[in-house]
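Whole structure, please, built from the sequences with the hints as guidance.
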Amino acid sequence: SDPHATKELCEALKKEELFILINAAGFGKFEPHEELSTDIIEQMTHLNLTAPMLLTNACLRSLKQNSGYLININSIEALRASKFAALYSATKAGLKAFGDALFEETRKSSLSITNINPDMTESSFYDELRFDVSDNKNEKLLAADITDAVEHILSMRKGAVVSEYTIRSLQFGIKKKTRK
Numbered sequence: 001s002d003p004h005a006t007k008e009l010c011e012a013l014k015k016e017e018l019f020i021l022i023n024a025a026g027f028g029k030f031e032p033h034e035e036l037s038t039d040i041i042e043q044m045t046h047l048n049l050t051a052p053m054l055l056t057n058a059c060l061r062s063l064k065q066n067s068g069y070l071i072n073i074n075s076i077e078a079l080r081a082s083k084f085a086a087l088y089s090a091t092k093a094g095l096k097a098f099g100d101a102l103f104e105e106t107r108k109s110s111l112s113i114t115n116i117n118p119d120m121t122e123s124s125f126y127d128e129l130r131f132d133v134s135d136n137k138n139e140k141l142l143a144a145d146i147t148d149a150v151e152h153i154l155s156m157r158k159g160a161v162v163s164e165y166t167i168r169s170l171q172f173g174i175k176k177k178t179r180k
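Each residue of the sequence shown is one higher than the last, beginning at 1 in the working numbering.
If you anchor each label on the Cβ, the simulated ranges turn out as follows:
#	residue 1	residue 2	range
1	ARG130	LYS15	34 to 44 Å
2	ALA12	SER110	22 to 32 Å
3	SER37	LYS15	35 to 45 Å
4	ALA144	PHE19	18 to 28 Å
5	ALA97	LYS64	13 to 23 Å
6	HIS152	HIS4	31 to 41 Å
7	ALA5	LYS137	32 to 42 Å
8	ALA97	ARG130	20 to 30 Å
9	PRO32	LYS175	20 to 30 Å
10	LYS64	THR178	43 to 53 Å
11	LYS175	ILE40	17 to 27 Å
FYI, nobody ran anything at the bench for these hints, they're computed from the structure.
Glycine included, every Cβ here is placed at the ideal spot set by N, Cα and C.
Structure (C-alpha cells):
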C-alpha cells in the first residue's frame, strides 16, 4: 500500500514483456464512515483502486501487444451496498467500473479483461477485522474457487471473454470474533 513502492514497481513493469496481470490485493476496514481516519481512507483507496490503475497503466501496452489478460480480483461488494462498507464498496465498484470501461477502450486490441467478484473468501483478509468467514463450507469460498475461475478464464478460446465473473457461496454466514 506504499505509493512510492507502487511507482517503483510500475517503472520496472514497463520494461517487461507481459501476458497477464492479476490485480488481487485488497484491504478493508468496516466501520461507520465517519469513524475512518484520513490515513485509512487514503490507504484503502490506494491499495484497492489507485495501485491497480497504476499497475494496469504500466502494463497495458505490453498486454495489448501480446493479446494478454487483465484480471481484477474484485469483491461482491463492487455490486452491492453494505452497512459499514461505504469506502470499501466504493473502491471495489470503482475498480469494476475501471475494468468495464477499459474493456470497451481496448476491445480492438484482443486484450481480455475480466472482473472477478468473489463473495467472502477464506483468507488472511479478515485477520484484523471483527468478523471472519463462517466455518461452514457452504457459507464461504476458498482461494481454490478463485484460482479455478482464473483457470477457466485463461482456458477460453481467444475471441471469447468472460468480462465479469461473480462467485457466491451457496449460503450466507459470518463468524463474529470476540473483541480483544
